[in-house]
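Asks: Sequence lines, in order, name chains U and A. Heads up: the first sequence is residues 1 to 738, going by my numbering. Heads up: the second sequence is residues 1 to 738, going by my numbering.
You may find that some hints are simply not true.
Identical copies go unnamed one by one, so any copy, or any two together, can satisfy a pair.
[As the list claims (entries may be wrong)] For lysine-lysine, the following DSSO-like pairs were computed, each having C-alpha atoms within a straight-line distance of at most 30 Å:
#	residue 1	residue 2
1	Lys593	Lys459
2	Lys237	Lys581
3	Lys284	Lys593
4	Lys164	Lys393
5	Lys354	Lys433
6	Lys322	Lys433
7	Lys38	Lys354
8	Lys242	Lys67
9	Lys536	Lys322
10	Lys581	Lys649
11	Lys26	Lys530
12	Lys530	Lys738
13	Lys284	Lys237
14	Lys433	Lys698
15	Lys220	Lys167
16	Lys79	Lys536
17	Lys698	Lys67
18	Lys220	Lys491
19	Lys593	Lys581
I should point out that these hints are in silico values taken from the structure, not numbers from a laboratory.
Protein chains: 2
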Amino acid sequence: MLIMLTIGILANALLAQEHPNLILTKAGVEKIKAELGKVPLFDATVSATKAEVDAEIALGIHTPIPKDYSGGYTHERHKRNFLILQKAGVLFQILDDEKYAIYVRDMLFQYEAMYKDLPIHPQQRSYARGKLFWQCLNDSNWLVYVSQAYDCIYDWLPPKERKKLEKNLFRPFADFISIKNPQFFNRVHNHSTWGNAAVGMIGLVMNDEELIQRALYGIKNDGLEIDAKDNDGGFIKLPGQKPGFLSNIDEPFSPDGYFTEGPYYQRYAMYPFLIFAEGLHNVKPEYKIFEHKDSVLLKSVNTLLNLSDPDGEFFSLNDAQKGMSYYSRELVTAVDIAYYFGGNNPQLLSIAEKQGSVLLDDSGLAVALGVRDGKAQPFIKKSINLSDGADGKQGGVGILRYGTEDLTLVFKYAAQGLSHGHYDKLSFSLFEKGDEVIQDYGLARFVNIEQKGGGNYLKENTTWAKQTIAHNTIVQNETSHFNGEYEIGSKYHSELYFYDASNIEVQVVSAKEKNAYPGTEMHRTMAIIKDENFEKPFVLDILKVNSSNPNQYDLPLYFIGQVLQVNFDYESPLTLDTLGKENGYQHLYLEGKGSPTRDNTQFSWLDNGRFYTYTSATKKSDELLFTRIGANDPEFNLRREAALMIRRKNTGNTVFASVIEPHGSYSTVSEFAVNSNSSILNLKVVHDDAEYTAVAVKDVNGGECLMIISNIDSSKTSTHKLKIGDRDYQWSGPYYFK
Amino acid sequence: MLIMLTIGILANALLAQEHPNLILTKAGVEKIKAELGKVPLFDATVSATKAEVDAEIALGIHTPIPKDYSGGYTHERHKRNFLILQKAGVLFQILDDEKYAIYVRDMLFQYEAMYKDLPIHPQQRSYARGKLFWQCLNDSNWLVYVSQAYDCIYDWLPPKERKKLEKNLFRPFADFISIKNPQFFNRVHNHSTWGNAAVGMIGLVMNDEELIQRALYGIKNDGLEIDAKDNDGGFIKLPGQKPGFLSNIDEPFSPDGYFTEGPYYQRYAMYPFLIFAEGLHNVKPEYKIFEHKDSVLLKSVNTLLNLSDPDGEFFSLNDAQKGMSYYSRELVTAVDIAYYFGGNNPQLLSIAEKQGSVLLDDSGLAVALGVRDGKAQPFIKKSINLSDGADGKQGGVGILRYGTEDLTLVFKYAAQGLSHGHYDKLSFSLFEKGDEVIQDYGLARFVNIEQKGGGNYLKENTTWAKQTIAHNTIVQNETSHFNGEYEIGSKYHSELYFYDASNIEVQVVSAKEKNAYPGTEMHRTMAIIKDENFEKPFVLDILKVNSSNPNQYDLPLYFIGQVLQVNFDYESPLTLDTLGKENGYQHLYLEGKGSPTRDNTQFSWLDNGRFYTYTSATKKSDELLFTRIGANDPEFNLRREAALMIRRKNTGNTVFASVIEPHGSYSTVSEFAVNSNSSILNLKVVHDDAEYTAVAVKDVNGGECLMIISNIDSSKTSTHKLKIGDRDYQWSGPYYFK
């Protein structure tokens with residue numbers, strides 16, 4: 001037994017010394033070479049990669065002294081270097097052309113010569129400054145890619161040169177981003193995931209068990225204080241939290257594969273998660289990394305794809321730059337690895353086809369072969385409810401979809417989402433096909449655009465984008481949820497009340513939030529309903545607020561498009577003033593102020609050749625505010641976009657009931673306006689008490705539908721009885737709809 | 001001789017009595033029937049048309065009592081009726097299915113029963129109210145289409161029924177829109193073109209020579225007062241102007257085929273121009289209508305196609321709704337007729353392919369056959385200079401294009417453009433590929449969207465869209481050109497100084513305006529330049545203003561996108577106030593106010609993944625204003641878009657010299673920012689006197705280019721000498737560039 005184990009370890013050690021073995025493998029390279037020229041998608045990627053790398057080789061090697069923030073020359077140059085190094089390494093392996101190995105070697109030795117005397121990066125904004133870059137995060141990016149390049153030329157390099165590189169560059173580099181920066185390395189955070197992967201991957205190539213263990217389990221005695229924070233306000237260490245790569249899988253991913261920071265950061269983190277996992281799988285299969293936590297890494301790829309609109313763009317949840325999509329390089333990695341290591345789901349092939357490129361490794365080859373052989377099937381996105389939290393018990397995100405993504409509702413009742421979280425409990429966004437109808441603002445940042453604050457987070461991200469008023473949810477007394485305090489927000493999460501998408505014509509998600517405002521309970525139920533008297537599906541929104549104290553409630557609707565018509569009177573100020581002084585209100589101009597003239601407020605707008613009407617059961621005493629983003633924004637960091645806001649003052653318990661109704665179309669070519677008017681005659685809260693809330697919608701075709709929510713019993717089997725007016729209703733389950 | 005002529009006339013009369021003969025012809029129908037099922041584009045149109053008409057037949061015939069403005073039910077219903085009638089008539093002819101004839105007949109008799117007692121339309125906004133619609137214009141639309149339907153069932157109807165229709169419906173209808181409304185019919189205006197075509201087409205079908213003559217030459221004694229105006233402020237009758245269809249060709253079209261109202265209205269007018277011309281060609285070939293005025297009708301189709309961006313969208317010149325394009329039904333007509341009657345230009349076939357449908361007549365068949373037989377060639381748009389005015393001597397529009405429409409500059413130095421004209425002498429707009437970079441605002445109207453002022457012109461069209469400050473040109477002392485007075489503006493036009501696109505790397509257009517502000521002369525030269533030290537072509541703009549009096553000059557730049565960076569200091573007001581009180585200034589908020597800190601002002605922005613920088617040789621005493629549209633706009637009729645404005649006070653003679661420089665790219669997927677900084681180091685007016693103005697541009701790569709404009713001699717052959725600093729320059733022609 002002991003002998004076998006010893007032999008096993010020795011065999012393993014010997015195998016581990018045969019390179020490449022990290023992402024490319026000896027056997028894989030042989031297979032790739034045998035298929036070259038026969039697999040269109042793979043060949044296209046090889047030839048695009050070759051063109052890119054050859055062009056860079058022609059430009060010569062440049063390793064400037066680090067100086068700039070992202071967007072600046074030295075940052076972008078070093079970033080480009082690591083991306084090209086990785087590609088050059090791969091090309092050396094699969095094309096057998098030594099010029100690529102020479103290029104990698106020469107650049108590595110330039111780094112080697114530079115690194116030992118390199119001071120900490122001169123830019124001081126980060127809580128963990130790197131050497132090549134202004135933050136350890138980017139240094140880690142560098143090492144994740146460069147480890148792969150090194151692996152590719154490892155066997156080709158004389159041992160003496162390897163030794164020199166490892167001694168002067170790789171080992172000190174790995175130590176710098178880990179033991180020299182535990183506040184960076186030892187967190188549960190996407191930063192640390194990159195750090196862990198970087199240290200682990202170079203450890204795998206160098207066969208350095210100490211680095212591998214450090215990567216997987218973190219630094220033992222990191223000396224970090226509990227509750228310390230980084231420059232974005234995120235916690236560095238929380239009580240009881242374990243560091244290392246495995247914890248970074250365990251903690252932020254829910255059992256459903258939802259990453260608590262949201263899809264924008266999940267996308268960013270996917271690369272180190274999956275590429276290190278692939279390396280670990282290849283070099284240390286005994287860790288069974290892809291099976292870890294019920295295969296959550298592979299599951300999370302499917303989850304992430306489901307967190308996108310029909311154009312493949314990720315929903316803006318928390319800090320997220322709009323336009324990021326599954327066309328990104330990280331998702332090429334994710335899709336290929338999920339396909340290859342996750343059971344060859346043919347639906348992933350259709351995404352790969354759209355991406356138009358693959359990884360140049362075994363997984364990419366498998367995908368390209370699958371596509372070539374016609375195995376691709378459409379990736380079908382349905383309604384889905386995703387739990388948040390390591391145990392899946394910290395709220396979640398509900399996505400309701402109608403048809404082939406004709407209408408998509410994204411309802412957020414999640415946890416804080418670490419330092420990139422926004423204070424927007426029970427908020428939502430809405431899409432018709434690939435277009436935003438009701439938007440989530442996203443982040444206030446122009447990633448990598450130097451002119452805008454070095455491409456980093458702008459201060460408006462804190463003063464505007466994270467604040468509750470920047471979202472489509474309730475703001476009480478002009479203060480953000482949890483008073484906008486991360487420490488408090490991080491302690492709580494909303495709670496799912498029920499989710500039921502079993503009937504495609506009536507899909508409902510309902511959640512409660514009890515902690516955003518102490519003493520106030522919010523209960524929001526959102527449904528996508530397709531009624532035969534309506535041309536298109538609509539969204540019914542019932543937001544019940546309970547509070548023993550009188551408050552002011554603001555409910556904004558960040559519509560995209562041009563105002564067409566309202567059914568209320570309002571005054572338009574001659575000069576524009578801000579709506580408030582703080583908590584995001586200082587960034588809003590008040591463009592109009594009125595109050596309802598009927599018991600229903602209607603507001604219609606036009607966007608992208610489609611009409612929309614918002615109908616809300618308002619009270620005479622409500623204020624209706626037209627707002628526009630852009631006040632106190634001297635550098636034009638914010639987009640000048642609008643909202644209609646319902647303000648209800650001096651109120652304890654109340655219900656906001658409304659419908660968002662897409663209808664008709666307009667073409668600037670035919671100039672036909674089709675079905676430009678709402679089909680809603682009246683929307684009314686017909687019943688509301690502690691137990692039940694009921695909303696009736698009458699349409700212009702004489703129909704009426706009624707939604708009753710059971711407020712305190714969400715059991716599927718409980719039966720309910722309610723008399724509304726002179727009619728008796730009886731049903732089982734958390735809601736009644738007819 | 002006399003006998004032959006008589007026989008000829010008789011034969012003609014007899015032939016004319018064989019129907020269809022207007023748009024469809026007996027012979028054409030036979031040919032169509034023979035080809036059915038063999039010509040994909042034609043067949044696709046037949047089947048789409050059949051589906052549409054069959055669906056309408058199933059809904060039954062509805063001819064409601066007229067009541068609404070455009071966008072409203074009765075308007076849209078009657079509009080739909082005439083469109084469907086025309087199609088049903090054609091289907092009867094080519095499919096031989098009597099149900100279509102019955103549908104046409106039955107609906108015509110419903111109109112016949114209704115028309116005789118029909119009062120004038122109840123909506124009172126128009127200077128010429130119709131009966132079915134709120135304006136005679138739409139009634140004329142109806143008759144243009146319905147004449148075709150009537151022609152198709154003419155031979156099928158018993159003579160008695162024809163007589164009844166003609167007596168009670170068509171003749172009174174034609175008389176109402178002509179002799180009862182001479183203020184509508186007898187103008188030179190797109191309204192009258194529709195009226196003329198309507199009367200002429202029903203005249204051709206009925207073989208009613210009186211109506212045909214009235215259509216071609218107008219009403220003899222119309223009793224109209226000279227200088228009377230319509231409800232849009234357009235002149236109804238000018239001294240010496242002749243009425244009728246032929247005058248409506250002669251007057252608004254320049255010899256180059258430019259229509260003085262601009263492409264949006266040219267598109268609208270094309271249908272009656274061409275469809276009546278086709279009818280006249282078929283029934284009265286002796287008029288040689290397609291050869292009239294050097295074949296200007298056919299030529300104008302090519303001109304109109306050239307007035308579009310790479311997406312086929314027409315440039316916004318004067319009143320124009322953005323998004324209108326060559327995909328419109330009017331352009332299907334125009335392209336097919338121009339192809340068939342204008343010498344089978346194979347480039348038109350590629351436009352027809354994109355349009356995806358054809359006319360269901362001889363011309364459409366010819367196009368569909370050409371496409372089927374692979375004859376289509378790409379429609380190549382090059383730089384083009386288009387004269388304005390009946391004689392081509394009233395200014396014009398210069399369009400400079402680089403590459404395959406990579407960059408397109410639209411420079412307007414035209415006449416007023418009738419009642420749809422804007423007060424924007426020497427203004428411009430700029431496109432990169434199909435995207436607006438520097439925009440012309442267009443009109444303030446939501447065509448056919450009832451919720452917005454009945455779909456008609458909004459008052460902001462006058463108070464904002466037409467005003468000079470809404471355009472990218474000079475405003476003197478905060479008043480519009482010609483004081484915004486149509487009577488004055490109509491008397492003048494700008495004058496081409498020179499146009500030279502012979503060198504693709506240096507394309508120049510230059511024009512002068514002497515009347516917009518009495519005592520002030522403006523001379524603007526705009527060039528597209530491709531310099532090897534710049535990644536992309538840029539626009540050089542030299543605007544020389546001469547005035548003996550000190551004035552305030554405002555030069556706005558309506559950029560599209562997000563502000564990135566400026567190189568000057570400015571203050572941002574806490575509350576937004578309007579920039580002025582009138583002439584469009586009341587619609588602008590002042591978002592920032594500063595002044596140059598260097599002799600060059602630089603301003604960069606980002607749009608649609610591309611970077612742009614504006615560099616201008618400003619003076620320390622200039623004011624730099626960030627403005628935003630939207631003040632005094634209580635109904636949100638205007639788009640909240642921005643400008644940077646250079647304000648130069650208390651100045652007589654001056655030069656505004658600047659460069660608009662597209663560069664680089666940004667992707668929200670890769671998050672790479674490429675070439676995000678301007679390549680311009682310095683831009684300087686190095687010489688300026690009455691004779692010459694010279695501007696030098698130094699770039700960051702050490703290059704320098706120099707443009708010298710000869711201000712008073714635009715001859716191509718004159719030779720010039722100028723000493724700038726210690727260098728002597730010698731050249732011939734209106735400009736020097738190196």
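Asks: Look at each hint and say if it fits the structure.
Replies: Hints versus structure:
1. In this homomeric assembly, Lys593 and Lys459 come within 30 Å of each other (Cα to Cα) both inside a single copy, at 29 Å, and across copies, at 22 Å.
2. Proximity of Lys237 and Lys581 under a CA criterion of 30 Å is satisfied in neither setting, with 33 Å inside one chain copy and 58 Å between copies.
3. In the homo-oligomer, the alpha carbons of Lys284 and Lys593 never lie at most 30 Å apart, since the shortest distance is 65 Å inside one protomer and 63 Å across protomers.
4. Taking the closest pair of Cα atoms, Lys164 and Lys393 never come within 30 Å of each other, the shortest separation being 49 Å inside a single copy and 79 Å across copies.
5. Proximity of Lys354 to Lys433 under the C-alpha cut-off of 30 Å is found in both arrangements, the shortest distances being 17 Å within a copy and 24 Å between copies.
6. Taking identical chains as interchangeable, the C-alpha atoms of Lys322 and Lys433 lie at most 30 Å apart whether they share a chain (16 Å) or sit on different chains (23 Å).
7. In this assembly of identical chains, Lys38 and Lys354 lie within 30 Å of each other by CA distance solely inside one copy; the values are 19 Å within and 35 Å between copies.
8. Neither within a single protomer nor between protomers do Lys242 and Lys67 lie at most 30 Å apart by alpha-carbon distance, with minima of 34 Å and 74 Å respectively.
9. Taking CA atoms no more than 30 Å apart as the test, Lys536 paired with Lys322 passes in both settings, with 26 Å inside one copy and 27 Å between copies.
10. Within a single copy, Lys581 and Lys649 get their C-alpha atoms as close as 18 Å, which meets the 30 Å cut-off; across copies the closest is 36 Å, which misses it.
11. Proximity of Lys26 and Lys530 under a CA criterion of 30 Å is satisfied in neither setting, with 55 Å inside one chain copy and 50 Å between copies.
12. Taking the closest pair of Cα atoms, Lys530 and Lys738 come within 30 Å of each other only inside a single copy of the chain (11 Å); across copies the shortest separation is 66 Å, beyond that limit.
13. Within a single copy, Lys284 and Lys237 get their C-alpha atoms as close as 29 Å, which meets the 30 Å cut-off; across copies the closest is 90 Å, which misses it.
14. Only within a single protomer do Lys433 and Lys698 lie at most 30 Å apart by alpha-carbon distance; the minimum there is 26 Å, versus 47 Å between protomers.
15. Within a single copy, Lys220 and Lys167 get their C-alpha atoms as close as 23 Å, which meets the 30 Å cut-off; across copies the closest is 101 Å, which misses it.
16. When the C-alpha separation of Lys79 and Lys536 is checked against a cutoff of 30 Å, the pair qualifies only between copies, where the shortest distance is 25 Å, while the shortest distance within a copy is 47 Å.
17. Taking the shortest alpha-carbon separations for Lys698 and Lys67, only the inter-copy value of 27 Å comes in at or below 30 Å, while the best intra-copy value is 64 Å.
18. For the identical chains of this complex, Lys220 and Lys491 are intra-copy neighbours only, at 26 Å inside a copy versus 87 Å across copies, given an alpha-carbon limit of 30 Å.
19. In this assembly of identical chains, Lys593 and Lys581 lie within 30 Å of each other by CA distance both inside one copy and across copies; the values are 18 Å within and 23 Å between.
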